[in-house]
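There are 2 protein chains.
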Amino acid sequence: MAKKDWKSEAKALKKKVRKLKDSLTAAAAPMAEALGDAVGEVVSAAKKALKPVSPLAPASFPSLPVIKGAEFAAVEAGVRYQNRKDVMLVRLAPGTTMAGVFTRSSTRSGCVRDCQAKLAMKVPDGAGAAIVVNSGNSNAFTGAVGDKAVAAVTGAVAEALGVPASRVFSSSTGVIGEPLPYEKITAKVPDLKAALTEAAIEMAAEAIMTTDTFPKGAAATVQGDGGVIHISGIAKGSGMIAPDMATMLVYIFTDAKIGANQLQKMISRNVDATFNSITVDSDTSTSDTLLIAATGQSKAAELKGATLKAFETALHGVMRDLALQVVRDGEGATKLVEVRVTGAASDEDAAKVAFSIANSPLVKTAVAGQDPNWGRIVAAIGKSGAQADRDRLSIRFGDILVAEKGWRNPDYKEEDGATYMQGSELVFAVDLGLGKGKRSVWTCDLSARYVEINADYRS
Amino acid sequence: MAKKDWKSEAKALKKKVRKLKDSLTAAAAPMAEALGDAVGEVVSAAKKALKPVSPLAPASFPSLPVIKGAEFAAVEAGVRYQNRKDVMLVRLAPGTTMAGVFTRSSTRSGCVRDCQAKLAMKVPDGAGAAIVVNSGNSNAFTGAVGDKAVAAVTGAVAEALGVPASRVFSSSTGVIGEPLPYEKITAKVPDLKAALTEAAIEMAAEAIMTTDTFPKGAAATVQGDGGVIHISGIAKGSGMIAPDMATMLVYIFTDAKIGANQLQKMISRNVDATFNSITVDSDTSTSDTLLIAATGQSKAAELKGATLKAFETALHGVMRDLALQVVRDGEGATKLVEVRVTGAASDEDAAKVAFSIANSPLVKTAVAGQDPNWGRIVAAIGKSGAQADRDRLSIRFGDILVAEKGWRNPDYKEEDGATYMQGSELVFAVDLGLGKGKRSVWTCDLSARYVEINADYRS
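Here the protein sequences come in this chain order: A and B.
All letters in the first sequence, in the order written, are residues 1 to 459 by this note's numbering.
All letters in the second sequence, in the order written, are residues 1001 to 1459 by this note's numbering.
Hints are supplied without guarantee of correctness; some may be wrong.
DSS-like, lysine-lysine: derived pairs with alpha carbons at most 30 Å apart [what the hints assert, rightly or not]:
| hint | chain 1 | residue 1 | chain 2 | residue 2 |
| --- | --- | --- | --- | --- |
| 1 | A | K118 | B | K1016 |
| 2 | A | K14 | B | K1148 |
| 3 | A | K184 | B | K1413 |
| 4 | A | K265 | A | K68 |
Under 10 Å between C-beta atoms, here's a sample of chain B residues computed to sit facing chain A [as the list claims (entries may be wrong)]:
| hint | residue |
| --- | --- |
| 5 | P1055 |
| 6 | S1060 |
| 7 | S1106 |
Worth flagging that the hints you see were computed from the coordinates, not collected in a lab.
Since the model is a prediction, treat every value here as computed from it, not as a measurement.
The beta carbon of each residue, even a glycine, is placed where N, CA and C say it ideally should be.
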């Protein structure tokens, strides 16, 4: 059709649609008047009450074992949110060892810098410790005012609990660049202290949520020499940075007897394959924090040899479980995807390919659309910067061989791929056929809901 | 409210909504029946006819000067699309010099590898050249079959035009991993040859479109020694990879007299600040190609000294204009954003920061939502890996100073930022306050429409 005909036909159709729309509107008007307001009110009330939980969420919060020497409390301080607990406190008994890993962001928050400085300090003999966390305001990019707020909050906790200030660690999560109303937190420290109990860890997990749709917890037990060792962890995160909220926060508690140096080495060793292997939107937060505290109050002897190994395996499991829960709560997520890369020339190359696929908006939108679009995986491999050879790589959806030898597997059927993509947990396995390098990372899909959540004007 | 009360209230509300919905449905049924089908049909016809053009598109295709010695033709070959031209041919007169830059993807297509090999070959004396391009199928990741298709298409053109096969360059853009039905193209070579004319460059620009919403062209003229030199360029691209389509393709023609080596150096030097400074979705294609051909048929003398410089400036302008048109046609784009980084410790650091901001899904969704969310820019700077100091960096929206000295500018008003974000062309200027490194890159917003386009199942 010539361009002009096409245009005039388009115009004519537009006119028809407008007419039909007008007549529809006229017919619907009386009905709309009668029902409209009532429906609107009920729907908005229902929406509020039925705040949607991620379809990938676990059925319920797990039952976490009590960690002797670790007490929890949470209160409503009204930092930003109303009618919900938004500050939590943990008191850790004297003798507790601590370790942590943090965001490497060059614009990281005052809390993070403070935690890092304190972990490097010598621990006063017999000192206990504490962790205080608020949601609703991240106190990030708030300059010297923000540093003052950190000092005020940790100072108030130190004084109330009789713990050295150098042993009070804090985190803040929420909007960036707004001054933290820290007086609202310090005013609640007496209430927090009064509420401390070893049983309240779930409440603590709820108090640190921002755009999370469910609280996150994981646990493990290990048979030590002379007694059982317990590990209980909680986390928050829903997008590396949520709308204008920031942050992944993780707190793990154990009654194991283990030195701070060994604890630090252990979490540093295990963070790459767990928390550093998840990506919701490739955006790293200014406040990411993982703190671990070992109270040493288990009856088991100091960890060493086989029990040390068993403990590390159990700890890895808890870290991985919490990390995957963060992806499961990714903003707008409807699918959990493991990208499993093997056969790379090196582990570094495997990581490049895995993250290139897991962060590709085109791969992630295809997953949202349940489209087995393996061409986009090929493109993501190509752009990763890792060594790759078109004719040696293979791509699998779960067990389905999709492509190999430089082309689509002749036995691959598009229907099989399409059926596979309807699952809620997917594995994309890429073998590069070059060496022994490998890496698995986890991500979720990029849905229109993600854009809606993040394009909403801050309220 | 206790969790249980909350749940039962939610249930009750759900029930109410269901009831109201049912009564609404019942009342609407007769009307829907009467109008539904008719409206549906008209709407879908109208949608097809009114294929939306990007709101950032130029008013019209520019008038491109004729390049003596460069003839164009385009035909309908039905490679994938129906009822539109999908193959274009360019014949270049004997004496034409050629140069090119290509995707660095390790899974790049057979066409790209073929072009690279041919550009490295010695040019037979007095040989002309040709470029043949199809849309609808990228012939990427199609193994040895794909290489055969490249040889067949370029061979057929070489024979028909009496040009050595080593001087016939080809590109393919479209779906990945499907065999290219090259016989459909070779069958049309006689028609293409018969249609060749110096005036048909706009038709060529239309034939190479995939999900592009408008054809892209740009031109410049330069006063040379003894005559005017002309430059005319065309491009396609709409997302580094479109839905399941691939690629950015750029072809620039000039009648300048310039050697192939000098031409190659010139485009290599200018590609970083132009085509390598745009990003729609951080996904690099398997087929990106830029080819330039200089026919030498201007009356102006061989380029040197001041005219060589003037030519390079004009060529840079054409490259930049075409590059920005690709961003303007970004999938779902509603805003064009320049991210301008200055004061970095090095140019490399400036590029890291600029791309970290331009590729951040959170920054891009904020732009889509017209939210002046400068906290996300701070976070993107932090995660970039470049040297940055919270207390020395500043952020501006256009001329509005938003943040400096580690915090929000006390005079900044959120309303001013919000008003600024309503524009369709935005500048985010970041000064790191550390050195002289700088880089500007261009991107567009990430809208729900981008996800819709890319989550649609391939049809």
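Hints, verified against the model:
no.: 1; hint: K118/A x K1016/B; verdict: violated, 55 Å
no.: 2; hint: K14/A x K1148/B; verdict: violated, 47 Å
no.: 3; hint: K184/A x K1413/B; verdict: holds, 25 Å
no.: 4; hint: K265/A x K68/A; verdict: holds, 23 Å
no.: 5; hint: P1055; verdict: violated, 16 Å
no.: 6; hint: S1060; verdict: violated, 12 Å
no.: 7; hint: S1106; verdict: holds, 4 Å
The structure shown violates the earlier hints numbered 1, 2, 5, 6.
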